[in-house]
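Student: Sequence:
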Amino acid sequence: TGTTSAAAAAAAAATMSSPPMTRRMPETTTATPSATLAATATAGAYGSSSSSSSSSGGASTVSYVRTLSVRHIRLELLSTWGDSEYIGLGGVDVLNVHGQALRLTKAMLRCASCLDLGGGGGGGTAERSDLNNLLGTGHDTANTHAMWLVPMDHDRKRVVLDIDLPGTHEITGVRLWNYNGTTMDEILRGCRLVTLSFDQGRVTLPPLLLRPAPMCDGVRFAQAITFDRWVAAMAMQQQQQQQQQQQQQQ
Numbered sequence: 718t719g720t721t722s723a724a725a726a727a728a729a730a731a732t733m734s735s736p737p738m739t740r741r742m743p744e745t746t747t748a749t750p751s752a753t754l755a756a757t758a759t760a761g762a763y764g765s766s767s768s769s770s771s772s773s774g775g776a777s778t779v780s781y782v783r784t785l786s787v788r789h790i791r792l793e794l795l796s797t798w799g800d801s802e803y804i805g806l807g808g809v810d811v812l813n814v815h816g817q818a819l820r821l822t823k824a825m826l827r828c829a830s831c832l833d834l835g836g837g838g839g840g841g842t843a844e845r846s847d848l849n850n851l852l853g854t855g856h857d858t859a860n861t862h863a864m865w866l867v868p869m870d871h872d873r874k875r876v877v878l879d880i881d882l883p884g885t886h887e888i889t890g891v892r893l894w895n896y897n898g899t900t901m902d903e904i905l906r907g908c909r910l911v912t913l914s915f916d917q918g919r920v921t922l923p924p925l926l927l928r929p930a931p932m933c934d935g936v937r938f939a940q941a942i943t944f945d946r947w948v949a950a951m952a953m954q955q956q957q958q959q960q961q962q963q964q965q966q967q
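In my numbering, the protein residues as written are 718 to 967.
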């Protein structure tokens with residue numbers, strides 16, 4: 718009947734207009750998701766999921782993933798907050814299914830494009846470029862000698878950091894500390910844009926914007942980047958695009 722059809726149409730419109738996830742996006746994730754993430758999410762590369770959002774016109778389903786089974790993680794540090802010669806981080810965690818940090822060792826980390834500082838520029842020594850500085854705890858500090866700093870690779874226009882886990886692990890994301898210090902010159906060496914990829918590009922996140930460190934001690938400033946938040950944002954973006962296309966067709 719006409720009444721039943723109207724009710725069904727109203728229900729469908731309400732479904733389309735409602736957001737796929739009610740939780741607010743965290744302030745730590747400020748970049749816009751890209752089609753790369755959508756393609757890998759629909760290919761079934763992720764682990765467990767809580768729900769899905771289907772698009773019209775034969776498009777694939779995007780799942781709200783929570784975990785990803787990986788063995789290799791690549792961080793590509795693309796730019797700094799202003800320094801043209803050096804780039805650094807304060808720490809890196811890989812998060813398990815409980816949101817806790819996996820135990821990493823220096824042997825799991827590689828930076829083929831990195832050069833030691835030696836006794837030269839950057840106001841530091843070779844220990845500043847020691848990958849051990851990215852591991853463990855105590856990253857909420859402004860002590861630059863406890864952080865990781867390397868020269869920018871101007872040929873590749875990025876610094877690549879690889880993490881090889883001992884076997885496949887279910888992870889929910891990563892946690893990063895930016896390069897901190899007590900002067901503005903030190904803060905400008907922090908990473909501004911970073912790209913994360915997993916298992917030789919099987920899954921790739923879009924460039925992520927890392928906020929500058931607080932330029933002081935005693936502040937918890939790590940940024941957690943988790944998969945469920947990014948795929949939820951992608952689903953919302955796709956839904957908005959579908960609504961705009963429908964409005965243009967009407």
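Keep in mind that the hints were calculated from the coordinates and are not lab data.
Keep in mind that a hint or two might mislead.
[Claimed, not checked] The calculated lysine to any residue pairs, modelled on SDA-like cross-linking and capped at a C-alpha distance of 20 Å, are:
#	residue 1	residue 2
1	874	787
2	823	910
3	823	884
4	874	829
5	823	900
6	874	923
7	874	918
8	823	874
9	823	796
[Unchecked claim] What follows is a set of in silico ranges between Cβ atoms, one per label pair, in the way DEER data are often shown:
#	residue 1	residue 2	range
10	965	881	43 to 51 Å
11	939	802	39 to 47 Å
12	967	924	30 to 38 Å
13	829	954	32 to 40 Å
14	902	813	51 to 59 Å
15	924	961	20 to 28 Å
16	886	960	36 to 44 Å
17	885	935	17 to 25 Å
All residues carry an ideal CB built from backbone N, CA and C; glycine is no exception.
Student: Just tell me: holds or violated, for the beta carbon distance of residue 885 and residue 935 against 17 to 25 Å?
Tutor: Hint violated: Cβ distance 37 Å, outside 17 to 25 Å.
Student: With 51 to 59 Å as the target window, see if residue 902 and residue 813 comply at their CB atoms.
Tutor: violated (36 Å)
Student: When you check the alpha-carbon spacing of residue 874 and residue 787, does it fall within 20 Å?
Tutor: violated (26 Å)
Student: Given the hint that residue 823 pairs with residue 874, does the C-alpha gap stay at or below 20 Å?
Tutor: violated (24 Å)
Student: Note whether the CB distance of residue 829 and residue 954 lies within 32 to 40 Å or breaks it.
Tutor: Given range 32 to 40 Å: holds, Cβ gap about 34 Å.
Student: Within 36 to 44 Å: is that where the Cβ-Cβ distance between residue 886 and residue 960 falls?
Tutor: holds (38 Å)
Student: Going straight from one Cα to the other, do residue 874 and residue 829 come out at no more than 20 Å?
Tutor: holds (14 Å)
Student: Honestly, do residue 965 and residue 881 meet the 43 to 51 Å range at C-beta?
Tutor: holds (47 Å)
Student: With the threshold set at 20 Å, check whether the alpha-carbon distance from residue 823 to residue 900 stays at or below it.
Tutor: Given pair residue 823, residue 900 is violated - Cα atoms ~29 Å apart, limit 20 Å.
Student: Please test the hint of 30 to 38 Å on the beta carbon pair from residue 967 and residue 924.
Tutor: holds (35 Å)
Student: May I ask you to test the hint 39 to 47 Å on the CB atoms belonging to residue 939 and residue 802?
Tutor: Given a distance of about 25 Å, which is not inside 39 to 47 Å, the answer is violated.
Student: Quick check on a hinted range of 20 to 28 Å for residue 924 and residue 961, using CB atoms only.
Tutor: holds (24 Å)
Of the numbered hints stated above, those contradicted by the structure are hints 1, 2, 5, 8, 9, 11, 14, 17, listed in ascending order.
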